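Engineer: Model the full structure from these sequences, guided by the hints.
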Amino acid sequence: MKGKKKGGWTRRDFVKTAAVGTGVMAAGISFPAVITRAGTKDPIRIGCLMDITGALYTFGIWGERSTRAAVDRINAQGGINGRPIKLFVEDSATNVQTALRKLRKLIMEDRCDFILGPCNSGIAISAAPQVESMDTIFFSWGTSAAITGKKGNRYIFRGINNVRHGTIALGKVALKHVGKRYYCLGADYEWGRSLIAEFRKVIDAEGGEFKGEEFSPVGTEDFLPYLNKINPKEVDILVAGYFTADLLKLARQASEKGLIKHMEIIGGAMPTGLTVEDLGPAAEHIWFTAYGLRRIANIPEAYRPFNKVYRDAIGLDDEGRSIKDGKMAAVSYSWAAWEHVFWVKRGIEKSGWRSKDDNEKFMKALEGMSVEASVEFPQGPKTMRAQDHQVFTDQYVTKIEGGKFVVKGVVKAEDLMYEPEVDYTKQKI
Amino acid sequence: MSLKERGKRWILFGILLALLIVAPHVLDPYRRYILTELLMWGLFALGFDIIFGKTGLLNFGMSSFFGMGSYGFVLAVYHLHVNLWGGLLAAILVSLVFSILVGLLITRFASHYFVVFTIVISMILFLLAMNLREFTGGDEGIIIRLRTLPLGPWDVSLRSAITKYYIILGVVGTAFFLVLKFFDSPLGRAIVAVKENEERAKMIGYDTARLKLISFALSGTVAGLAGGLYPILNNNTNAEIFFWILSGKAVLWSVVGGVGTLWGPFIGAGILVYAEDLLSSWLINIYPILVGGLLIIIILLAPKGILGTIQSALMERALQKS
Amino acid sequence: MFDLILSQMINGFVWGWILALIAIGLTLIFGQLEIVNVAHGALYTIGAVGAYYCSTYLGHWGWAVPLSPLFLALLGLIIYLTTIRFSLGKEVIVTVIITYGLLFILEQGTLLIYGGVPRMIPNPIPYSIPFIGGRYPVYRIFCAAFSAAVIVALMVFLKKTRYGLWIRATRQDYETALNMGIPVQRVYAFVFCLGSALAGLGGVLAAPISSVTFNMGNNIIIDAFIVVIMAGFGSIIGTVVASLIIAMIIGVSAAFVNPVLAKVIGMAVMAAVLFVRPEGLFGEV
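Protein chains in written order, with the working numbering: chain Y, 8 to 436; chain F, 173 to 494; chain U, 808 to 1092.
Calculated directly from the structure, the hints in this document are not laboratory data. From a predicted model like this one, the values you see are computed outputs, not experimental measurements. Built from N, CA and C at the ideal position, the CB exists for glycine as well. Some clues are possibly wrong.
With the C-beta cut set under 10 Å, the calculated list includes, among others, these residues of chain F facing chain Y [unchecked claim]:
id : residue
1  : Asp-200
2  : Arg-204
3  : Glu-209
4  : Leu-299
5  : Gly-313
6  : Ile-315
7  : Asn-407
8  : Glu-412
9  : Phe-415
Derived lysine-lysine pairs resembling DSS-like cross-links, with alpha carbons at most 27 Å apart [claimed, not checked]:
id : chain 1 : residue 1 : chain 2 : residue 2
10 : Y       : Lys-368   : Y       : Lys-48
11 : F       : Lys-476   : U       : Lys-897
12 : U       : Lys-897   : F       : Lys-374
Structural biologist: So this is what it looks like as structure tokens:
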């Protein structure tokens, strides 16, 4: 058979080349690029990129619902400056590479004018240089500090507090009640590391005594090897840089190991998607910092009616559960996705933005803008700091007592101030 | 090969090349980007086809090489401030050294152990990359900004996506051409002989261990070169690249396209990347199931892949006529 | 420091038994069918998911102990009849690709049915005993003991029963077994189901310890592979020994370096063993 090989390449080669070539041309020609100038009544194209599947799935689902509900509301009321919003939704699968690919699709193929990004710090940081080079404004509700720091740029806006605010609040409220000797455990990725780093600054400033730190890879099943290294006689506080499932595992294994008797856990985030029962016996020993509150009962009375409108729009009850299936939602965060849509609306209205040519005007409009508590901003009043595009709003510290979340302290925006790391206003567009 | 055959071959290459050169000007930016990515992924899958399709060793950890190449590029640019060519050179060197070392370690093992070794190595690299944050930047990675590219006496700006396309086309095209030539050469044919029947190859006098190592190193370097292209396209790289999912894709694309054909990886990558993009919005939930099913069907019913099956059919027809 | 090392070693020993259960399924399937089952981790996951459903809807985790493995055996049978059966005797790539394709299908299926949210199951034995300056959960000790019992039962089954004999015979010499009238096809199917069931059982045991996620198998499969290579594909006792050794080495290393590097050390140990004995500690040449 081998010996009988004739021309070797001819016919096969032709088929190959023809196939590949035709494929390329067909792909190109069948979808020609059509670029039109945005007319005054053309829709404003907004891209919604969320972690709809993957580890951060709870945030993604509720983020997407919140975004959609906000867009529907705005469209029902006539759109922005008379222009309806066209929403494009993509799933990042909680994966940076996938997210970047979808980002390109939203911007290059769907020609989105604005991108509302996920509650994912790794993605936000990787996306920052991309959106800059593609001249598209990006909103993130990931909470790692670097997003509105050295790793960000003028195209990035964040409508939620970050871990720095969270840890400052914990420092002011929780540290009074617990000892000073601390050990840190965190999830080994951007957010976990950022949280622990910020927390250490805060604790050390209050005279904390550092006893060690370790980072566990995402998806760690067994925390015992980490917990074994903690000497309960020498440690008062366990700082846990985990969210949801990992926090749960850690809490449970810590209590199985008998650590809970000797120390308190300071969690970097609300246990999104989990109920008090889920947390088990460790529950009442954990201090949480909350960017938003899950129980309407805990929300300041003045904001409650606005918060209720938001919850009704996405189908949540007063305890933060989904009305449809009773599952715990990510309501302590997802309000940010709702509010981001309205930040876009405010920016467009104030600057008269018509197309991406007006991006700089939009940025200037948002820089320094203050908003009041309202249906559009149901979490409370906040100010978008000009230099780093970081919002400042009240931060809560909560704990579980008697089987329910209670607020142990509120730290006002003014008391959460820190020096901006950067000054984006100086960045030329 | 007769002069006429050779001439035909060159003409066909020329047509393909012409199409690829014209493509970026005809395509919209998004499709242009996808095509650029396809070239890179195709090269990556080619790396797999070399070690598996041509040598018979099933390497399930190709992401290791891709990652090493990509980090070689990024770290060289970031710390040593080399330009794009320096970066690519670094990518090649790093992956070459890495693949030689790993190859020395594992090519002597029997097929089943070999596979598992490649899987384990790749996972360990992933864990290390995620863990050694200060060095690799972890999941967030390292960002680089390459503004211009020295090309002879000129400095070409790298801002344009079209420029990037041509650079990648150039690199991929050259590498592919060299690989094709390699497997036409005596050394290449010796390697294929090892795959067909290792015992016989040994009896003929081939040093099969050395041949396998050479192929392994070539495979790793090609994949690493592809990895070096990634930061050109995306201005960054991150530790997630080492995750085994990428390795699986190389296998997937090659198997679907046609194992051993060297063109197959590009075809497989082309079809599947495009399909995934097309289906992404509405079929995303069952897409992996479809892919899994496709893999099973192909390996059982059409193990030569698309191109391989076409080639066989054509050969059958040619033989029948003769 | 000694306390730390000791407690890590014991924890490693306990995990080692659970790991052994999973790895044995892998090595049985390989020894018998020459299949590198890349989807083994997904089977483990499905076992754990089964534990979640039993715990939530049937009231207690205990139901999962018989039910999950049964379900997995059935699933294994379906998989065997529809795909694996056609790949026997072909080269490695065929079975690797098939099981790889299965991995996609099983994992995505689990994601669609069970969802992406990790969930916890209440600890079936929520007690801890005093242990070296702290406490140690009794449940983990139970897991180790239970795994050991199952493995012993398995070995008895293979040595003493007729089916066990058939399995060993088919493994030793396919041709002769066929000629002796042993229903080889059925034996193969049985082994695949058995291996799947064992993976599922491992998942059931592991579920209450940490949490149940749709892709939890991806982590453990690496450890299982390391163990199986080090032991030598096909040897049950070897797999147990290797599991215990590796788990303890990783455990103790984790006392000194961070647990990720400890895993790297585990792999280095495996590599070292293989250089001295390429067929594995107990493998047959």
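Engineer: Could you run down the list of hints and mark each one as holding or not?
Structural biologist: Verification of the supplied hints:
1. Asp-200: holds, 3 Å
2. Arg-204: Constraint on F:Arg-204 satisfied, holds at 8 Å.
3. Glu-209: holds, 8 Å
4. Leu-299: holds, 6 Å
5. Gly-313: holds, 6 Å
6. Ile-315: Check passed: Cβ of F:Ile-315 comes within 5 Å of chain Y, closer than 10 Å.
7. Asn-407: holds, 5 Å
8. Glu-412: holds, 6 Å
9. Phe-415: Hint holds; F:Phe-415 Cβ to chain Y Cβ min 9 Å, cut 10 Å.
10. Y:Lys-368 <-> Y:Lys-48: holds, 20 Å
11. F:Lys-476 <-> U:Lys-897: holds, 14 Å
12. U:Lys-897 <-> F:Lys-374: With Cα atoms ~23 Å apart, U:Lys-897 and F:Lys-374 stay inside 27 Å; holds.
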